Amino acid sequence: DAKTTQPPSMDCAEGRAANLPCNHSTISGNEYVYWYRQIHSQGPQYIIHGLKNNETNEMASLIITEDRKSSTLILPHATLRDTAVYYCIVRVNTGANSKLTFGKGITLSVRP
Amino acid sequence: DTGVSQNPRHKITKRGQNVTFRCDPISEHNRLYWYRQTLGQGPEFLTYFQNEAQLEKSRLLSDRFSAERPKGSFSTLEIQRTEQGDSAMYLCASSLSLLWNSPLHFGNGTRLTVT
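These protein sequence lines map, in sequence, to chains B and F. Numbered per the working numbering, the first sequence spans residues 1 to 112. Numbered per the working numbering, the second sequence spans residues 1001 to 1115.
Derived by calculation from the structure, the hints in this document are not laboratory data. Keep in mind that the hints are not guaranteed to be accurate.
[As the list claims (entries may be wrong)] Residues from chain B shown here face chain F by an in silico Cβ test under 10 Å; the list is partial:
| hint | residue |
| --- | --- |
| 1 | Cys-12 |
| 2 | Val-85 |
| 3 | Val-110 |
[Unchecked claim] In silico lysine to aspartate or glutamate, EDC-like type, Cα no more than 16 Å apart, as pairs:
| hint | chain 1 | residue 1 | chain 2 | residue 2 |
| --- | --- | --- | --- | --- |
| 4 | F | Lys-1011 | F | Asp-1063 |
| 5 | B | Lys-104 | F | Glu-1044 |
| 6 | B | Lys-69 | B | Glu-58 |
| 7 | F | Lys-1011 | F | Glu-1078 |
| 8 | B | Lys-52 | B | Asp-67 |
| 9 | B | Lys-3 | F | Glu-1044 |
Since this is a predicted model, take the numbers as computed values, not measurements. Heads up, the beta-carbon is just placed ideally off N, CA and C, and yes, glycines get one too.
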């Protein structure tokens, strides 16, 4: 699976949009971009995933650049409960290789 | 709650003892994964099952570790002769194999402390 690069940390003000960047310059055509987050002492929580089109769900939006070499996870109105480690993962989807490979992620701190 | 369930949530054991953890996946999810996470690191893949077949094992899974999923439903992870370096959070996840891009859903883990 292609590797991803994320800044180690960032912060944003409560109520503002949080834009979390991720670089995946070696991504292949059959690899999806997944985002998970992990709040202290809990398991990772699935947020969203996409291949090349932008995606939106009730939690967040995923913007993938046209060349697919980078993406941004957007939390439109961050709250204190969004403080967590966010993982950007590139995953090849074949029957024989379905695991996720986590990096260190980005720690998002939402300040009051 | 129909999410992934892991028991126990916490386990403290003495070095050299054996421990066993249990994972109950989301019903109808036929894939089940085990991960290990140490402080400050992302989860590391250990092994995964499709139904009852163990399809992949990481090199992290030493011969003291064994995982089973006898009937393709719940799974157990056993660590024999525990060492202090085994102290970590052990996470279980499940997914459907019918969809190639089906996401993994994680439980809240079992935290193991080896004294």
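Hint by hint, here is what the structure shows:
1. Cys-12: Constraint on B/Cys-12 not satisfied, violated at 22 Å.
2. Val-85: Where the cut-off is 10 Å and the nearest Cβ of chain F is about 8 Å from B/Val-85, the hint holds.
3. Val-110: violated, 20 Å
4. F/Lys-1011 <-> F/Asp-1063: violated, 21 Å
5. B/Lys-104 <-> F/Glu-1044: holds, 10 Å
6. B/Lys-69 <-> B/Glu-58: violated, 25 Å
7. F/Lys-1011 <-> F/Glu-1078: Satisfied, since the Cα-Cα distance of roughly 13 Å is no more than 16 Å.
8. B/Lys-52 <-> B/Asp-67: holds, 9 Å
9. B/Lys-3 <-> F/Glu-1044: Measuring from Cα to Cα gives roughly 14 Å; hence the hint holds.
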